[in-house]
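Undergrad: Here the protein sequences line up with chains A and B, keeping their order.
Going letter by letter, the first sequence gives residues 1 to 361 in the numbering used here.
Going letter by letter, the second sequence gives residues 1001 to 1369 in the numbering used here.
Derived by calculation from the structure, the hints in this document are not laboratory data.
Be a bit skeptical, because a hint or two may be false.
[Stated by the list, open to error] Only pairs whose alpha carbons sit at most 25 Å apart, straight line, appear in this in silico SDA-like list of lysine to any residue: (1) K190/A - Q1020/B; (2) K190/A - G254/A; (3) K282/A - K1036/B; (4) K200/A - L244/A; (5) K1036/B - A336/A; (6) K282/A - S1019/B; (7) K190/A - T269/A; (8) K1036/B - T269/A; (9) K1036/B - K200/A; (10) K190/A - A1072/B; (11) K190/A - S1019/B; (12) K1036/B - Q339/A; (13) K1036/B - S188/A; (14) K190/A - Q1015/B; (15) K190/A - N228/A; (16) K190/A - Y179/A; (17) K190/A - A1067/B; (18) K190/A - D1066/B; (19) K1036/B - E335/A; (20) K178/A - S303/A; (21) K190/A - S1016/B.
Just so we're clear, the structure is a prediction, and the values are computed from it rather than from any experiment.
In case you want the letters, here they are:
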Amino acid sequence: MDTDNTEGAPVLHVANASRIRRMLWIGFYTFALNILTLTLFRFWGRTHFRRQLWSDTTIGDDALEYTGRGIELFIGFLIATFTIMIPTVVLLLLAQLLLGETGALIAIFILYFGLFWLMGVAVFLVRRYLISRTRYRGVRFEQRGSAITYGWRAFGYLFATALTLGWLSPFVRLRLSKYMWDNAYFGSEKIHFEETEEAKSEPVYKSFAVMWVGGIVLYTLFVTIMFNAMSAVELATGHIGVVLKFYGAGLVLGVLFALFAAWYQAVMTRKIVKSLSIAGVKASCDLTAIQLLRVWFLGVLLSIVTLGIGSLAFNMMIWRLIANHIRFDGEIDFEAIEQAASTGPSQGEGIADGLDIGSAF
Amino acid sequence: MGLESTWNGTYFDGQSAASQTVEVTICQQGLRFSDKQGFDHLWSYRRIHIERLSDQCRLTYRGARDASMLLAFDAVEELTAAIPYLRESNRRRRQFAAMVAALTIVAGSFAFLVFGVMPAASTWLARNTPTELEEQIGENLASQVQLIFRPCESEEADALIAPVVERFADVASIDIDVEMTLVRTDMPNAFALPGGQMIATQGLLDALENDQEAFWAVVAHELAHVKHRDSMVAVYRNLGISTVLEVITGGSGVAQQAILIGGQLNNLSYTRGQEQRADEAAIELLASQSLNPAALGRALAAISEGIGDDDSKIGADWPEWMQTHPDTEKRIEAAFRYNEDLEATLPLNEDDWTRVVSACRQVEAEAEE
């Protein structure tokens, strides 16, 4: 336990000491073995990455521990594949082949709506698995709550967000975070998500408005540039010059948009972290947009240079940055925290893997 | 094993988050220590797992769920020197190799299923699909295609084309009802769907200009696809290969994309084979109808020109093994090899052909009025 130099109050710092070279190596052999095993190795690669990342992350003096196994992810994948993914794909194809155009459209519409709901369920299940496989000082974390409830909430919020042209999304993100964190436990100790005064002071909607309006302006600019810079014939025939102009304009405007997005993401991260507390000890975060932007650029560059193999290292860099800016102000009575009641699910992440969504880790 | 040695360790009992400083003795039987409740523990070496952290090592023990012990590097060095079995690198390497070998075998089985069993099964299934089912599938797909490409719905043009298409189908011994639909789109193209459904675009008629013979060459080519059930084979192949590959690989990431591209390249080689066979059958059919087989070459050249298939277009200079169709120039050359100096007997007279060519445009003009 450290102490804050200014006030002498106890402080528990979160820190991550992961190294890019190590993560690149994991990314490289995961890539190579994925080719050899028709990507089945990805479950083990992901597990290796998490094990390394967790072990490199400390809270106070003690490192986190990832206890998940590749075989658990593989079994989750098999279950989801045979019970959800293959039946869904086959139903979609059969609907197209055997039903008339109206019937096919209705069937596809229903299935796609079902998939939107399932995406929420999958996100919750990923989180439940990940948290249940995280151990700290010998005590497991636990995610309570219901995947189905979370799925419906996420589903409803998704449409509400669409209806408000995205303006509800900060509220939605906070509500869904609250559901997750309010149902999370470290052993017997509940984690709380309550907006403190510090959290409330974060300019969430201001930063969102800048990102939203900035995004519209930049997009309009992009479309204008594209239409002024080339003829309809060039657009229709897909000439190389068009592609270069497209990516060139996209890159410049994308960098500008990243500036706005980084501010919003940094604000949102700070707000969520500042809303968290455990055993009466509040978390705080001093992540800034410039720090985030720097890591984004380096990470994107790394991913491009390594043809995507460095994406794991990119994820690590983001986690390392966030972790190194989190701390808990106060002293946690670890003696009073007992082991979690549940051991968590026996397998995980199958649906998310099938839908190609879920955790960056 | 040398003399026993004792080290300080930090023990987490897995019951609470409290830490305990314990004296750990490295002895013959294993690691021995007592917790603060006074319970004696003996962790036998066979069940110990060592993980190297940044400043110390974490030991976990199979059989003591959630419990862990933090030991200094020096202590673990001594431990692994005395018990080489505990050297993680050796043990992990063996386990890792076994796991990768097992996964490779599973992946090999998948590959055999995807690239061996499924293509063979697709051809067999296509040939044995009841005609009624294939026709139903074809009608459904045609109706979906026509949501994007609106049909011309020119009764006059349909009435002129249908008898010729049926005659060609009879000559080619096609045992399924065939139907050619003209659609309103500027892109020059024609394709066959399951169940004898064929689509040709207004853009194709425009690209061929006044070359009626070339249009029938395209029809003959598509009829060959119908005869060989190529569209049904494609349905089954896509249903099987794409679905399985997409589901297995999860569909994103570099390696995933590499595997999917591998599957697509395999599929492309198959479609190129189908196209070549359709060209050969079309040449045969044209010759039997007193039409010049070289018309197929003219049709291919016109389509190629119509879609802007020049060198500046992305993919135009890609090697043949990356294309769905064989190299167009080679196909044109092959068709021109059969160039015959004959007086073609065209199926439609000049007036009727003009009506067909202008059918879609006329419908569009009427609709605009």
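Undergrad: Decide, hint by hint, whether the structure agrees.
TA: Taking the hints in turn, this is what the structure says about them:
Distance hint between K190/A and Q1020/B is fulfilled; the C-alpha atoms sit about 23 Å from each other, no more than 25 Å. Between K190/A and G254/A the CA atoms are separated by roughly 41 Å; this puts the pair beyond 25 Å, and the hint is violated. A C-alpha spacing of about 30 Å is found between K282/A and K1036/B, which places the hinted pair above 25 Å, so the restraint is violated. For the proposed pair K200/A and L244/A, the alpha carbon gap of about 44 Å is over 25 Å, so the pair is violated.
Annotation: proposed proximity of K1036/B to A336/A holds, straight-line Cα distance about 16 Å (limit 25 Å). Under the criterion of a C-alpha separation no larger than 25 Å, the hint pairing K282/A with S1019/B is consistent with the structure, at around 22 Å. Simply put, K190/A and T269/A have alpha-carbon atoms about 21 Å apart, close enough for the 25 Å limit, and the pair holds. Taken as a hint, the K1036/B and T269/A pair is broken in the structure, with Cα atoms around 40 Å apart against an allowance of 25 Å.
Between the alpha carbons of K1036/B and K200/A the distance comes to roughly 44 Å, so the proposed pair goes past 25 Å and is violated. Note on K190/A and A1072/B: the hinted pairing is violated, with a Cα-Cα distance of about 32 Å set against a maximum of 25 Å. Only pairs whose Cα atoms come within 25 Å are accepted, and K190/A paired with S1019/B is accepted, the gap being roughly 20 Å. Of the pairs offered as hints, the one joining K1036/B and Q339/A holds, with about 17 Å between alpha carbons and a cut-off of 25 Å not exceeded.
As the CA atoms of K1036/B and S188/A are separated by approximately 21 Å, the hinted pair is consistent with the 25 Å bound. Our distance criterion of 25 Å between C-alpha atoms is met by K190/A and Q1015/B, whose separation comes to about 16 Å. For the given pair, K190/A sits about 58 Å from N228/A by alpha-carbon distance, which is inconsistent with the 25 Å threshold. At most 25 Å may separate the alpha-carbon atoms for a hinted pair to count; K190/A and Y179/A meet this at roughly 13 Å.
Between K190/A and A1067/B, the direct Cα distance comes to roughly 21 Å. Compliance with the 25 Å bound is thereby established for this hinted pair. A hinted pair counts as satisfied when its Cα atoms are at most 25 Å apart, and K190/A with D1066/B qualifies at roughly 19 Å. Restraint check: the Cα-Cα separation between K1036/B and E335/A comes to about 13 Å, which is no more than 25 Å; the hinted pair holds. For the suggested pair K178/A and S303/A, the alpha carbons sit about 32 Å apart, so the restraint of at most 25 Å is broken.
The hinted pair formed by K190/A and S1016/B meets the criterion: a straight-line CA distance of about 14 Å does not exceed 25 Å.
Violation of the numbered hints given earlier is confined to hints 2, 3, 4, 8, 9, 10, 15 and 20; the remaining hints are satisfied by the structure.
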